[in-house]
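Let the hints inform the model, and build the full structure from the sequences given.
Number of protein chains: 4
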Amino acid sequence: MDMNDHFHEECGIFGAYSPADYDVARDAYYALYALQHRGQESCGIVVNEDGIFHSHKDLGQVSMVFSSEELARYPKGRIAVGHVRYGTTGANNRNNCQPMEVNHQKGKMALAHNGNISNAFELRRELELSGAIFHSTSDTEIIAYILTRERLKCPSIEEAVINAMPYLEGAYSIAVMSAAKLIIARDPHGFRPLCFGQKADGTYIAASETCALEAVGARYIRDVEPGEVVVFSDGGVQSVREHCGTKRHSICIFEYIYFARPDSVIEGVPVHAARLKAGEILARTYPVIADVVVGVPDSGLDAALGYARYSGVPYGIGFIKNKYIGRTFISPSQDERASGVRIKLNPVRSTVEGKRVILVDDSIVRGTTSGRIVRLLREAGAKEIHVRISSPPFISPCYYGTDIDTKENLVACQHSLTEIAKMIGADSLGYLPIDSLSELVGHNGYCHACFSGQYDTAVPENTSKERFERPLSESGTGEA
Amino acid sequence: MDMNDHFHEECGIFGAYSPADYDVARDAYYALYALQHRGQESCGIVVNEDGIFHSHKDLGQVSMVFSSEELARYPKGRIAVGHVRYGTTGANNRNNCQPMEVNHQKGKMALAHNGNISNAFELRRELELSGAIFHSTSDTEIIAYILTRERLKCPSIEEAVINAMPYLEGAYSIAVMSAAKLIIARDPHGFRPLCFGQKADGTYIAASETCALEAVGARYIRDVEPGEVVVFSDGGVQSVREHCGTKRHSICIFEYIYFARPDSVIEGVPVHAARLKAGEILARTYPVIADVVVGVPDSGLDAALGYARYSGVPYGIGFIKNKYIGRTFISPSQDERASGVRIKLNPVRSTVEGKRVILVDDSIVRGTTSGRIVRLLREAGAKEIHVRISSPPFISPCYYGTDIDTKENLVACQHSLTEIAKMIGADSLGYLPIDSLSELVGHNGYCHACFSGQYDTAVPENTSKERFERPLSESGTGEA
Amino acid sequence: MDMNDHFHEECGIFGAYSPADYDVARDAYYALYALQHRGQESCGIVVNEDGIFHSHKDLGQVSMVFSSEELARYPKGRIAVGHVRYGTTGANNRNNCQPMEVNHQKGKMALAHNGNISNAFELRRELELSGAIFHSTSDTEIIAYILTRERLKCPSIEEAVINAMPYLEGAYSIAVMSAAKLIIARDPHGFRPLCFGQKADGTYIAASETCALEAVGARYIRDVEPGEVVVFSDGGVQSVREHCGTKRHSICIFEYIYFARPDSVIEGVPVHAARLKAGEILARTYPVIADVVVGVPDSGLDAALGYARYSGVPYGIGFIKNKYIGRTFISPSQDERASGVRIKLNPVRSTVEGKRVILVDDSIVRGTTSGRIVRLLREAGAKEIHVRISSPPFISPCYYGTDIDTKENLVACQHSLTEIAKMIGADSLGYLPIDSLSELVGHNGYCHACFSGQYDTAVPENTSKERFERPLSESGTGEA
Amino acid sequence: MDMNDHFHEECGIFGAYSPADYDVARDAYYALYALQHRGQESCGIVVNEDGIFHSHKDLGQVSMVFSSEELARYPKGRIAVGHVRYGTTGANNRNNCQPMEVNHQKGKMALAHNGNISNAFELRRELELSGAIFHSTSDTEIIAYILTRERLKCPSIEEAVINAMPYLEGAYSIAVMSAAKLIIARDPHGFRPLCFGQKADGTYIAASETCALEAVGARYIRDVEPGEVVVFSDGGVQSVREHCGTKRHSICIFEYIYFARPDSVIEGVPVHAARLKAGEILARTYPVIADVVVGVPDSGLDAALGYARYSGVPYGIGFIKNKYIGRTFISPSQDERASGVRIKLNPVRSTVEGKRVILVDDSIVRGTTSGRIVRLLREAGAKEIHVRISSPPFISPCYYGTDIDTKENLVACQHSLTEIAKMIGADSLGYLPIDSLSELVGHNGYCHACFSGQYDTAVPENTSKERFERPLSESGTGEA
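Chains as they are written, first to last, in our numbering: chain A, 1 to 480; chain B, 1 to 480; chain C, 1 to 480; chain D, 1 to 480.
Quick caveat, the hints were computed from the structure, so don't treat them as lab data.
Wrong hints could be hidden among the right ones.
Taking lysine-lysine and the DSBU-like style, the derived pairs with C-alpha atoms no more than 30 Å apart in a straight line are [stated by the list, open to error]:
1) B:K344 x A:K323
2) A:K323 x B:K321
3) C:K344 x D:K323
4) D:K323 x C:K76
5) A:K344 x B:K323
6) D:K323 x C:K321
7) D:K321 x C:K344
8) A:K422 x A:K321
9) A:K321 x B:K344
10) B:K321 x A:K321
11) C:K383 x C:K422
12) C:K321 x D:K199
13) D:K199 x C:K323
In structure tokens, the structure reads:
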């Protein structure tokens with residue numbers, strides 16, 4: 001399914017630590033490029049040139065923000081952090097671009113964050129009462145303040161990170177760069193992925209997904225464990241794990257189903273394999289006599305292949321997706337859509353005409369896109385259309401770093417399976433059973449809150465996206 | 001295989017003729033967008049507002065050249081022509097952007113051309129001797145002159161087109177807009193595709209491929225026949241066919257194998273079906289015991305599926321292609337490539353690790369890209385790699401509108417099959433047999449000159465790409 | 001007075017011819033920069049690298065069109081031509097940018113033109129009947145065709161220029177570059193200025209004004225004479241003068257009054273000196289008792305100083321002009337203007353408060369700007385305002401390369417002196433007497449058609465600005 | 001003298017408070033435009049739409065940063081603040097753009113600042129020790145923290161401003177916007193100007209200079225007094241003056257001589273009048289027999305006129321300054337300069353040839369520009385050149401908001417008058433006597449530290465421009 005009609009991962013992060021100066025910005029560029037699917041709103045790279053930070057951040061995708069001229073402006077360096085971000089729309093949120101750079105009493109720090117702090121509201125209130133001012137509306141600035149507060153009390157940045165973690169609830173995979181070190185850490189639940197590897201020249205590369213390691217030619221070493229802090233410094237690589245107690249392992253299962261790139265491997269499980277398995281489960285659970293299985297590009301293709309392989313129904317190429325669609329593309333109007341324009345996706349008539357088609361997609365959000373795709377197939381001559389969805393229905397919002405939304409916008413909260421099938425025009429409809437999710441990854445330590453409503457942390461007090469746009473005290477003193 | 005390591009189609013054309021004024025520029029935009037794969041160098045749209053031409057053309061892809069602001073600047077109109085172009089590199093060739101607009105004694109004309117005039121050199125020499133001046137280095141300006149010359153002698157633009165055709169040799173699918181009419185025509189050999197259809201509101205849409213008709217919601221009517229001239233005017237649709245004698249039908253077979261979009265149908269044959277067939281032939285001709293068949297995205301996928309279906313070897317998803325790569329992307333250096341960066345294509349390890357892999361691609365040009373891809377698979381753990389190519393080897397340049405090059409740059413001219421297999425590191429290699437090409441389309445009326453060296457027109461006198469950059473008389477008078 | 005409320009010169013031209021390759025594009029850049037006042041709509045430079053032309057042209061001012069990156073893209077060369085242009089508005093007239101480059105039977109040619117061909121309509125009709133096609137709507141393309149036609153008949157480009165001149169009527173100062181030569185020429189009346197000089201390294205520089213020679217450090221040699229053709233080639237500098245008969249010398253007097261830069265010297269007369277003289281004549285002709293003389297920046301300052309010197313009334317600085325106003329500035333609305341915003345010009349209250357002010361400007365076009373300026377002074381406390389204009393009233397359009405307009409838009413055609421004074425709110429008003437114009441230059445060989453209605457050539461048949469936007473034959477065959 | 005070879009004012013500020021919503025961004029645009037001479041590095045506008053802040057800030061001049069599209073994006077509002085800034089070079093200092101917007105416990109605040117806090121280093125150290133983090137390297141963020149700290153302790157923003165002022169030393173004219181109020185304040189010494197006025201519709205406008213009031217059609221009311229805080233709110237206009245004790249009045253005298261626009265009036269003294277007076281003093285102090293007095297455009301013109309009027313030597317227009325020079329202009333190289341290119345300034349030969357010239361400029365910084373200008377006049381034929389400078393020699397750096405530099409870069413610290421005259425090639429040289437400065441403004445309450453070394457506050461501990469680029473504790477713990 002297309003990014004624009006889909007839930008979004010909110011970030012991807014990158015860090016590099018090298019034994020010697022090199023063109024580290026270039027590695028950051030290629031790694032962020034490989035992580036682009038995790039965030040297209042803004043991006044940034046901060047290079048550490050012997051203690052001096054050189055930074056460029058802006059709204060836009062990696063290849064737009066970093067011209068070759070811009071990239072050439074970076075000096076060589078040994079350490080760097082980078083970030084891609086999906087956030088709220090609007091031209092003026094440059095302040096929210098990451099990595100966030102701050103100056104504090106002990107020096108400089110650049111911070112890249114993927115996740116969502118679920119007690120951000122409470123932390124911010126507390127910080128503001130002690131005189132803090134906020135330039136952004138992101139929870140990353142809250143992490144920066146907590147790190148700074150701890151840094152004042154202890155002799156090293158890594159201890160500051162370790163001491164800060166008990167205050168932070170929710171999801172966070174972070175990369176922190178100081179004048180001389182790179183620290184990466186993952187929250188005790190391990191909601192978001194984070195791994196690291198090494199290049200032949202000794203440079204350590206940390207990233208949200210393994211595909212970013214491969215983009216820069218680094219060999220994967222391992223995933224960061226939930227609650228672990230890894231420090232890269234002149235003293236080599238050090239790991240601290242035993243500091244924040246034991247929590248349930250809660251890797252986001254939707255990373256496997258949709259967010260991550262199929263060529264990435266998360267905690268030992270190839271994403272592509274998990275998707276093939278989802279297709280297999282769908283074939284096992286909802287068999288149907290049909291002539292061809294097609295996936296919705298790009299994220300439905302793997303599960304469609306899994307379905308075909310298990311069921312024996314031939315796999316087919318059902319759609320051509322226009323690969324030139326970029327940020328500047330002018331989307332068709334509602335009228336144009338109604339009148340049948342087929343800009344982004346066009347069915348391959350020879351695949352589906354006169355056929356009973358099994359259509360596999362990864363999810364249904366509001367149902368409008370799915371309805372449109374079913375209609376496209378119908379117009380191209382499909383006789384029957386059986387929709388199979390490689391995730392369970394969404395019924396609850398996500399508080400851990402994606403934009404899975406309020407119940408009002410989730411079609412599965414408002415309608416029964418039969419109603420949804422009718423709404424989207426499918427002859428039959430099957431969702432992945434929630435109790436089969438563990439088959440995808442081979443264990444039970446994953447977060448399924450968006451499918452089950454069972455959260456592994458306290459649910460945030462204030463969950464409005466605009467919670468930091470208005471003063472926290474607004475209903476309070478009556479003056480501002 | 002990737003566009004950047006590939007031969008290029010040189011153009012796509014578009015025309016619209018409506019019973020009433022409407023936002024015709026928007027249809028042109030979406031249609032050119034669907035034809036973007038035929039040319040990414042430059043594009044343009046000319047809208048006819050009751051005899052006044054409004055034009056915008058520039059270097060770049062459709063979504064870059066036409067911002068919503070730019071698109072909104074067009075008035076409504078009844079007629080429009082559009083063009084996407086692949087040409088030589090260099091920033092300063094704006095003069096070669098199409099549609100070409102010219103003013104002549106009888107009025108205005110806008111001209112969009114896909115193909116290559118093989119007697120351009122001779123025609124240009126003749127025109128220059130009669131005082132013609134040339135602003136561009138494209139053969140389209142030559143067509144414009146010939147049309148103008150004929151237009152002076154006859155009472156209508158369509159007669160001018162008909163009378164001009166006997167002078168023009170080679171490949172041309174053209175759309176010509178005058179103050180009141182749209183004329184589309186295809187050369188007598190029919191080298192390049194051209195079709196037209198109609199929208200529900202009566203608007204006629206002409207385009208190089210059916211995918212562009214579908215992009216604007218038009219119903220396909222039929223392909224323009226070789227040598228046919230179709231006139232859209234207040235008098236309705238008229239066709240003239242009997243004016244240029246009978247020539248061999250020579251539709252470019254490589255349109256089916258690579259250039260065209262798989263969801264297009266050319267002269268009744270679905271492109272996707274032709275590619276499945278190519279895969280099938282490969283499976284039949286070069287069987288091998290293997291564990292998985294993978295295609296090189298995007299153009300190798302259809303033939304890979306055809307191979308898998310026929311052979312029974314499972315189809316797999318072997319590569320992830322980064323879909324964010326745009327024009328502004330900074331390509332990795334030779335060094336970075338050597339050190340194993342995997343930016344554009346990354347193998348899916350879980351698909352190929354420990355497997356005997358059949359790798360299907362559409363062609364081999366110089367062999368370097370194929371070698372790189374084979375190496376990627378090897379590094380990802382493939383045990384054996386059997387390369388199957390869904391076209392015959394290139395041995396001769398194309399003079400009909402693509403950039404298939406001089407013999408020096410074609411690996412198959414310099415090396416035997418065994419040598420090529422060794423060069424690219426494949427365990428075995430098989431090309432589509434040239435005598436099976438007719439199976440792809442079900443007839444023999446196609447051009448296979450690039451595979452056979454047998455041309456259906458006289459071979460041009462001067463075939464240098466720069467032939468119009470230097471004065472024709474250069475070796476002549478010695479003064480300029 | 002401000003450029004935006006003023007008549008415009010339509011072009012400035014540049015040529016260079018050097019004994020050896022050097023960074024000639026850079027000289028062109030600085031020279032065009034110095035000529036920017038002659039045209040801000042578009043600009044272009046063509047560099048000749050041993051017979052290969054490298055060109056960049058675009059809409060916009062010199063410093064916008066030529067980034068340092070763009071400028072660095074030019075190779076070294078021995079010959080170059082350049083152009084700045086003021087033309088009609090509209091984003092899509094890139095086709096009209098100059099220098100115009102054409103390819104003809106004998107080679108390449110780049111052409112830069114300042115002026116206006118008064119028989120363009122007739123020439124174009126004739127050319128079109130012989131099969132010519134036109135890409136632009138400028139008369140420069142007509143010159144290019146005539147040159148090409150002659151070039152076919154004779155052995156050298158310079159002879160082609162000489163033979164073409166009898167066909168061309170009206171105003172033209174041109175620079176023509178071939179593969180090996182630079183030719184500059186001025187029409188037999190000498191309507192527009194043209195001069196040349198030489199740098200210390202031997203490079204010849206030709207330009208519309210001497211300020212461009214000074215910008216590149218060239219020593220002025222002399223003005224090109226009316227009807228003269230000067231050829232720069234390996235054979236040195238050659239001049240041909242005796243080929244087009246004797247015509248009345250008709251240098252545009254408004255070049256001295258407004259168009260040219262005050263630091264330029266045209267035909268031996270410093271522009272600044274001519275303007276001082278105009279102020280002196282005004283003081284002599286319309287004396288008035290006053291406290292201060294102020295000029296409207298920038299073009300009224302010289303005459304104001306001349307008035308002050310002759311009259312003995314102190315010269316004052318009456319206005320500050322915002323020097324940051326560029327192309328992208330958002331002009332105030334009519335409402336904002338009415339409510340007193342003072343964006344571009346602000347009076348210096350301490351200069352005029354409580355004073356009797358003599359206000360000197362170079363011309364009155366529609367009267368609205370003059371009225372606004374008088375009101376500004378009044379609001380700043382001026383007791384009396386006596387307006388003196390350093391040109392006679394405009395009563396006739398210009399056909400020789402400026403946009404002095406139809407009679408309907410010229411306030412002096414519609415109203416008496418008393419009426420105009422009242423309209424603009426002046427206590428008194430005096431225009432430069434037409435019979436004193438010869439005092440500015442010390443001779444009678446100047447064109448005063450815009451002030452007198454006496455033209456030195458036949459008045460053009462069709463003078464509409466859009467005359468080439470519609471087909472010439474439009475009222476003819478009824479079909480296009 | 002030209003901006004690029006000159007000392008720079010570091011900022012200009014703007015505020016608006018209206019009884020009703022209107023297009024306040026547009027007023028901000030025109031006012032900042034009028035203040036552009038105070039800072040061309042970056043600019044920004046924050047509009048308050050009923051408590052919601054809408055902001056756009058970027059590097060570049062007003063007309064570049066605010067396209068009409070960008071300006072139209074602002075909603076209507078009642079309150080706004082704006083800023084133009086000159087700062088250090090470098091593309092990546094977007095973080096330092098103002099107005100600075102911060103969120104604190106009691107709400108939002110936008111802050112625009114002109115000046116320099118001389119105890120910034122100490123304040124920042126103190127804030128950092130309490131856990132503050134800094135996103136920018138400007139002292140404005142320090143003011144924001146101090147305001148926030150005070151705001152937490154008191155019931156209103158205006159009291160926070162009043163209570164913050166005793167902590168802040170040095171120069172600051174500020175505009176602070178909260179959800180409901182606009183507060184403007186000037187430091188107790190009154191180093192930088194600040195005034196306010198009112199439009200016919202009741203809107204209050206505050207700005208650094210009166211020219212900005214005039215740009216939006218506001219009537220000047222009065223200057224803010226040193227140490228005064230003015231509050232605009234629903235309760236009307238309130239002034240608080242008696243809160244920070246009495247300090248010496250220290251308006252920057254160089255505002256009159258160079259920084260401010262000549263049409264502005266500061267504390268009752270017209271800037272133009274002060275400059276005429278400076279010229280008069282020079283004429284009185286250093287008379288010389290000469291033929292013409294010329295000023296270096298633009299800032300030397302007023303004093304030149306004052307010199308001419310007092311001395312009786314005729315005033316002349318000695319130079320033409322190219323008015324098209326913008327941000328994107330490519331400056332000539334050192335070589336080109338040496339070879340005599342005259343791009344920005346060109347002498348008017350007819351004014352100076354064969355003459356004894358008095359050349360008036362506002363200051364000499366390093367001497368190179370002055371030397372170049374003298375040489376230009378010499379090459380244009382001037383017989384004698386007597387340089388008169390309308391300020392005393394710079395001998396000490398400025399700590400109050402300009403970039404007057406370290407002693408090493410000030411020619412007058414290194415050389416005697418005679419040496420400087422020789423260096424720049426002048427026949428004689430005279431600077432404005434320091435003890436005549438009071439004549440310019442008619443009182444003694446001005447800052448002359450850059451000319452005398454006498455500072456009205458403690459001299460800052462650390463005055464390096466990069467003092468906030470490195471951690472304050474750097475020499476401390478040895479780890480960061």
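Determine which of the earlier numbered hints do not hold for this structure and return their numbers in increasing order.
none
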